[in-house]
Amino acid sequence: MGLDRQAAHHARQPLYGGALMSASTQPVLSLNHVTKRYHQTLAVSDVSLDLYRGDICGFLGPNGAGKTTTLRMILGLVQPTRGSVAIHGINVHTSPTQALQGVGAIIEESHFYPYLTGEQNLLQVLRLRGLKVTPSDLRERLHAVGLGEAAHRRVRGYSLGMRQRLALALALIQAPQLLILDEPMNGLDPAAMREFRTHLADMAQAGVTILLSSHILSEVEQLATRLVFMKEGCIVGRDDQLGTPTLQLQVRVTDRDKLQQWLSERHHAFTPGPDDAFTVAVIDEMDCPRLVREWVWAGFDILEVRPTAQSLESQYLARMTQPGEDVTNV
Amino acid sequence: MSKPANPPTFRAVFRNEMEKIWIKRGKALIIALIILIAGVSLVSAHTYHQTYQPAAENAQNNQQAAAQMRQQIAQTQRALQSVPQGKKKALQQQLAQQQQALQQIQQSNGGTVNERLQVRSLQNSLSTIPTQRGPLLEQLALARYRVSHGLLSYNPAADSGMRLVGLVFGGDTLVLFALMAVVIASDTVSAELHSGTWGILLLHAPRRRQVYLAKWAAALLILWGFMLAAAVGIFAFSSVLMRVGSTLEPHVVGMVTTLLPQNFGPSLVVPAQQVFHIMPQWSYDLLALVLAMLTLGGFVTLLVGLSVVTRSTVGALIIGVLVLLSGFFAALAGPASLLDPAVSFPLISDWTGTLAMQDNVRALTLGTGLTVTLIWAAAALAVGLWRVSRTDV
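Chains A and B, in that order, give the protein sequences.
330 is the number that the numbering used here gives the last residue of the first sequence; the numbers go up by one with no jumps.
1393 is the number that the numbering used here gives the last residue of the second sequence; the numbers go up by one with no jumps.
Bound-form chain B, shown alone (with noise of 0.2 Å):
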C-alpha cells in the first residue's frame, strides 16, 4: 500500500484551472486579441489619418500662408513711409486688408486650437451653458494647463499610441473586455456541473472551497493577462500605425476615485467639479487600466458566483449580459441606479461627473460605482462560497 496522498495545494487546483482554461479557450483568446488590437488600432488610424494629417497640411500651408502675408505686410508698411501723403490712404485701406487676411488664415488653423483663443472661449459657455459645466471645466483646465506650459496651439484629432490605451480601457471599449470576461467566466462551475466532471474533481480535490477560489483566481488571472496583453498590444500596434506620442502629454481627471479617509461621508458622494488633477497621459493610461481591470474583476466574481448559483452557463451568461447592459442604462433609474452591479461601467469614462448632474444623482461618481461593484463582488464570493459547499453532485 502507498503512502496517503496528500491533500492538494492551492497552487496545483490552480494550476490545473489555468491549464483547463487555456486548452479549452487560448485559441479563441488569441484570435479575440488580435482582433481586438488590429480593430481598435486599424479604426483610430483611419480617423487619424483622414482628420488629422489633413488638418496638419493644412496648418502648414498656412503658416506658410501667414508668412507670406506678414511679408506683404511688411512691405506695405515701408510703403507707407515713403509714399506721398495723397497715396497713403490707398496703402492704409490696402495694409488693413491685408491684416484681416492674416487674421483670417491665422484663424482658420488647419483644427489646430489656439488654446489662448479656447480658454476665453470656455470662459464664456461656462456662464452661458450651466449643464456642461463639469465638461467645460475639464476642458478649461486643460487649456489653462497647455498655455501654462508654452503649448499655444493643441489639435485634438493629434491621437498617439499613448493616448489610445488610456481611450480604450477609459471609455466605453471596455464593453468588450466585459463581453470576454462574461465567456470565460460564466461557465466557470456550471459547465463542470453540466458534464460531470465536477463529481470527479471533488473527488481528488474535496475542499470545495478551495476549488471553487482557484477557479475563480484563474478566470480572473486570465481575463487580467487578456487586458494586458490588449494594453500593450494596442499601444505596440497604434503607435506603428500613427506614431508613440508623449508620455507626458496631459491628461485631466475631475472625480474622486480613492477612498481617501477625507472622502467618507457626504464627500464621497459628491463630484469633485471645481478639482481637477492633471496627469501626464503614461499615469492616466495606468489607472485607466487599474481601474478597468478592477471593474471587470468584480464582474468576474458576480459571473463566478452566478455559474454556481444559477448552476447553469446559458443562465449566467444571459444575466451577466443583462447586468452589463443595465450599466449603461443605470443612470435612468434615478439613485436605484446605485444598486446596479455594473454602473461602474458608464462610469469609468466620466471623468467630471456629467451622468451625476445630467440625470441629478450627485452620488453617480466613478468612486460610488466602483464600491457598488466590489459590494456585489463581495456578496457574490460569499454566494458562491456557501453555495459550492452545499451543491450536491
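Next up, chain A with everything else stripped away, as it sits in the complex (with noise of 0.2 Å):
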C-alpha cells in the first residue's frame, strides 16, 4: 500500500456512525499476491489487499469469483499455492496459533456439531480458546443472540436462521480484533439484520477491522467503508473511499447501435436502459468529462447526458458485467 492509500484511509469517514478511532499504520490484515491453484483451476490469481484496524470491507463478487477460498486462505483453512497472508504482521500459515488469535469468523454456512446443544457447541469453543465461563455466563452469551430458549435443543433441530445466530455468538465470543464473516446475514430475519448490522457498525468504530463478503449489497452499502470487487479469481475493482459517492452516466444519442459498438469495443461496462437511453459506469469523477468529450470528436449526436450516483448495485454490476453480458448471471 503506497502512502496516498494511507493517506486516503486516515481522511476518509465510515458511511455509517462517526470518526475512526486513531488508525495504526500496521495493517490488521495483509494479502501479498496470494494465489491458489487446484490442479489446472485457478482459483484464486494473485490477490494482495491490506485492511487497517476499523475498516469494514465489503468482499464482492459473483458465485466462483474465489471469494470463499480467499476467506479460507485468510482463516488459514486453505494454504495458498503461492504468496502469503498475515495478520497483525504474523504469517497465517507458519504461525497460525498467534495470527488467529482475536480472529473471529463466520465461514459460508454455519456448521455445528448436530448432535450437540448450542450451549454444548458454544462451550466447546469456549474451552478451546482457554476461557472458563459459568453457566450463567453462557446462558446470558446465548440470550444475547437469541438463542436463550434453545439452549438445551440439540443443533440439528435449529432453523437457518438460529444456526446463523450461533455462528454469531461464535465468532464474537471473545472480543475479535479482525472479524472474517462470508454471508452471516443468511437466514437472518429484517429485525436481526439490522441488529447484526447496528453490532458490526459499533464493533467497527471500536476498532474492528471486518472483512465482509455478502450477496445482499443493501447492507455491504450500509455498512461498508471499503470495497473489493473480485471476479474469476482476479480482484478487478476496489473503492477505498465509499463515502464518495459513485457516478454514473445517464445518455441518450441519436445513433444507439452505434454507441453500443463504440463502448463495447472500449471494455466499457454499460446497461440499455429506456427510451434509447444507455447507463454507463464511471469508476474515476474525471471519466465523466473526458467520456462526453470523446462522444462528440466521435461524431455522436448527444441528445442528453446527465450524470447520477450510482448505487452499489450497479457499481457492482458494472463492474461485474462484460459488454453485453447478461447481467442476470452474477
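Rather than coming from a laboratory, the hints here were simulated on the basis of the structure.
Check each hint, because a few of them may be wrong.
Away from chain A, derived, C-beta distances all over 10 Å, residues of chain B [unchecked claim]:
1) T1009
2) R1015
3) A1032
4) I1034
5) S1121
6) L1176
7) S1195
8) H1204
9) P1206
10) V1244
Here chain B is said to cover these stretches of chain A; the calculated rule only asks that three of the stretch's residues, wherever they fall, bring their Cβ under 8 Å from a Cβ of chain B [as the list claims (entries may be wrong)]:
11) 76-86
12) 128-135
13) 221-231
Straight-line alpha carbon distances no greater than 25 Å define the calculated SDA-like cross-link-like pairs of lysine to any residue that follow [unchecked claim]:
14) B:K1027 <-> B:T1009
15) A:K132 <-> B:R1207
16) B:K1024 <-> A:L317
Each residue gets a CB set at the ideal place from its N, CA and C atoms; glycine is no exception.
With the hints in hand, could you dock these two chains into one complex?
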C-alpha cells in the first residue's frame, strides 16, 4: 500500500457512524500476492489486499469468484499455492495459533456438531479458547444472540437463522480484533439483520476490522467503508473511498447502435435503459468530462447526458459485467 | 478489547473430542457393551451347564459306583481266603470281572481327564502326529504341570469367569472389539470434513497436528475403556453364571511375545516350540488383555489415518473391515502375510505356532505379528499427521 492510499484511509469517514479510532499504519490483515491453484483450476490469482483498524471492507463478487477460497486462506484453512497472508504482521500459515488469536469468523454456511446442543457447541469453543465461564455466563451469551430458549436443544433441530445466530455468538466469543464474515446475514430476519448491522458498525467504530462477503448488497452498502470486487479469482476493482458518491452517466444519442458498439469496443460497462438511453459506469469522477469529450469527437449527436450517483448494485454490475453479458448471471 | 486468547491446550482439545464421541456414541457403546457381556457370558454358561454339570454328576456317580465296586472286590478277596480250594476258581473269575468293571468305571470318568494317562497318550501322539506338534506340546506341558501339582484329574469343560476373560481377549472374539474400533475410529476426521465442522474446529484450534493427536487419543481411550469395561463385565457376569474359577489355574504360553534382546535376529521369528511358559490364569488374562489392547490400538491408529487420507467415512470403514478380514486369511499368502497390518489378529490366539507350522512360514508368530501391526500403526500415524496439516478445508 502506498502512502497516498494510507492518507486516503486516514482521511475518510465510514458511511455508518462517527470517526475512526486512531488508525495504525500496520495493516491488521495483509494479503500479499496470494494465489491458489487446484490442479488445472486457478481459484485465486495474485490477490493483494491490506485492511486497517476499523475498516469494514465489502468483499463482493459472483459465485465462484474465489471469495470463499480467499477467506479460507485468510483463516488458514486453505494453503495458498503462492503468496502469504498475515494478520497483525504474523503469517497465518506458518504461525496460525498466534496469527488467528483475536480473529472471529463466520464461514459460509454455519456448521456445528448437530448432536450437541447450542450450549455444548458454545462450550466446546470456550474450552478451546481457554475461557472459563459459569453456566449463567453461558446462558447470557446465548440470550444475547436470541438463543436463550434453544440453548439445550440439539443443533440438528435449529433453523438456518438460529444456526446463524449461534455462528455469530461463536464469532464474537472473545471480542475479536478482526472479523471475517462470509454471508453472515443468511437466514436472519429483518430485525436480526438490523441488530447485527448496528453491532458490526459499533464494533468497527471501536476499532474492529471487518471483512464482509455478502450477496445482500444493500447491507454491504450500509456498512462498508471500502469495497473489493472479485471475479474469476482476481480483484477486478476496489473502492477505497466509499464515502464519496460514485457516479454513472445516463446518456442518450441519436445513433444507439453505434454508441453500443463504441462502448463495447472500449470495454466500458454499460446497461441499456429505456428510451434508447444507456447507463455507463464511471469509475473515476474525471471520467465524466473525458467520456463526453470522446463522444463529441467520435461524432455522436448527444441528446442528453446526466450524471447520477451510482448505487452499489450499479457499481457491482458495472464491475462484473462484460459488454453484452447478461446481468442476471452475476 | 479483551486480552488475546490463549492457544488451546492439548487437554482442552482432547476433552472436547472425548465429549463429542461420548455424546455421539455413548448410548450405542453402552448397548454394545451389555450385549457383548451378556452374549459371551450366556453362551459360555450354556456350554458349561450342558457339558460340565452332567459330566460332574457322572463323575460323582462313577465315584460312588467305584467305591461300591471296591467294597465288593474287598469282600471277594476276603472270601477267597476262607473258601475251599475247589470253589476258589469261581471266586477268582468273579474277582477278575469286578476288577475289570472297576477299571471301566475309572476310565469312564464323565469328561474328567486322568492327567497321568493324558501325559502318556500325548507322548505317543507326538511321534504319530508330527503336524500337530505345537498344540500337542502345549497340552503335554499343561498335563505335566497338573501332574506335578497334584491335579490328577481335570475337566476341560470346567469354565469359569476367570478363564473366560482370557479366552475372549486371547481368542477370535477379539474380532468383535475390532469391529467396535472400526465404528469408533473410521469417521474421526472424515465426518468433520463432511459436515463442515472441521473448519470451525481449526479456527479455534489451529494446530492441526494437535487436533489430530487429540482425536486419535480420544478414539484410543474410548476403545480401551470399552475393552476394560467388557473384561470386568464378562468376569463378573460369567462368574455369577458359572463360577469365579481359580486365579492360579494353569495356562500355557509357548510363543515369543516380547522383543527381548536375545530375540532379535533370526531367533525373533522362530516359534519357541520347545519352551512353554506356564502362567497362572490371572496373569494370562492380563497378558491377553494387554496384547489385545495393543493390537487394537494399532488398528485404531490405522483407521484414524485412513479417515484423514481417504477423507471418507465409508471409504475408511470399508478398507478397515477388509483389512480386518484379510488378517484371518493372511496365512494363505505365505511370507507375504507379514505385510498384512491385521496379521496379529489370528496370531493372538495362536500361542503355539500352529499357523507358522501349518503354513510353513516360520516368521508367523505373535511377536512378529504384533511388530507388523505396530509398524503399520506408526506409519499411519506419521502419514495422518503429515496429511492433516496439508488438507485444505
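Hint check:
The claim that T1009 (chain B) is not at the interface with chain A is violated, since a C-beta of that chain comes within 10 Å of its own (minimum 7 Å). At roughly 6 Å, the least C-beta separation between R1015 (chain B) and chain A is not larger than 10 Å, which violates its mark as non-interface. For A1032 (chain B), the shortest C-beta to C-beta distance to chain A comes to about 18 Å, beyond the 10 Å cut-off, and the non-interface label holds. The claim that I1034 (chain B) is not at the interface with chain A holds, since no C-beta of that chain comes within 10 Å of its own (minimum 21 Å).
A cut-off of 10 Å between C-beta atoms confirms that S1121 (chain B) is not in contact with chain A; the least separation is 60 Å. With 10 Å as the threshold on Cβ separation, the claim that L1176 (chain B) sits away from chain A holds: the shortest Cβ distance comes to roughly 25 Å. Some Cβ of chain A comes within 10 Å of the Cβ of S1195 (chain B); the nearest lies about 6 Å off, and the non-interface call is violated. At roughly 4 Å, the least C-beta separation between H1204 (chain B) and chain A is not larger than 10 Å, which violates its mark as non-interface.
Residue placement check: P1206 (chain B) does not keep its beta carbon more than 10 Å from all beta carbons of chain A (closest about 4 Å). The beta carbon of V1244 (chain B) sits about 40 Å from the closest Cβ of chain A, which is more than 10 Å, so the claim that it is off the interface holds. Counting residues of the region 76-86 of chain A whose C-beta sits closer than 8 Å to any C-beta of chain B gives 4, which meets the bar of three, so the coverage hint holds. Judged by the Cβ-Cβ criterion of 8 Å, the region 128-135 of chain A is covered by chain B as claimed, because 4 of its residues qualify and three suffice.
With a cut-off of 8 Å between beta carbons, the region 221-231 of chain A has 0 residues touching chain B; three or more are needed, and the interface restraint is violated. Between K1027 (chain B) and T1009 (chain B) the CA atoms are separated by roughly 28 Å; this puts the pair beyond 25 Å, and the hint is violated. Proximity of K132 (chain A) to R1207 (chain B) is assessed by CA-CA distance (about 21 Å); at most 25 Å being required, the pair is judged to hold. With a C-alpha separation of about 47 Å, the suggested pairing of K1024 (chain B) with L317 (chain A) is violated against the 25 Å cut-off.
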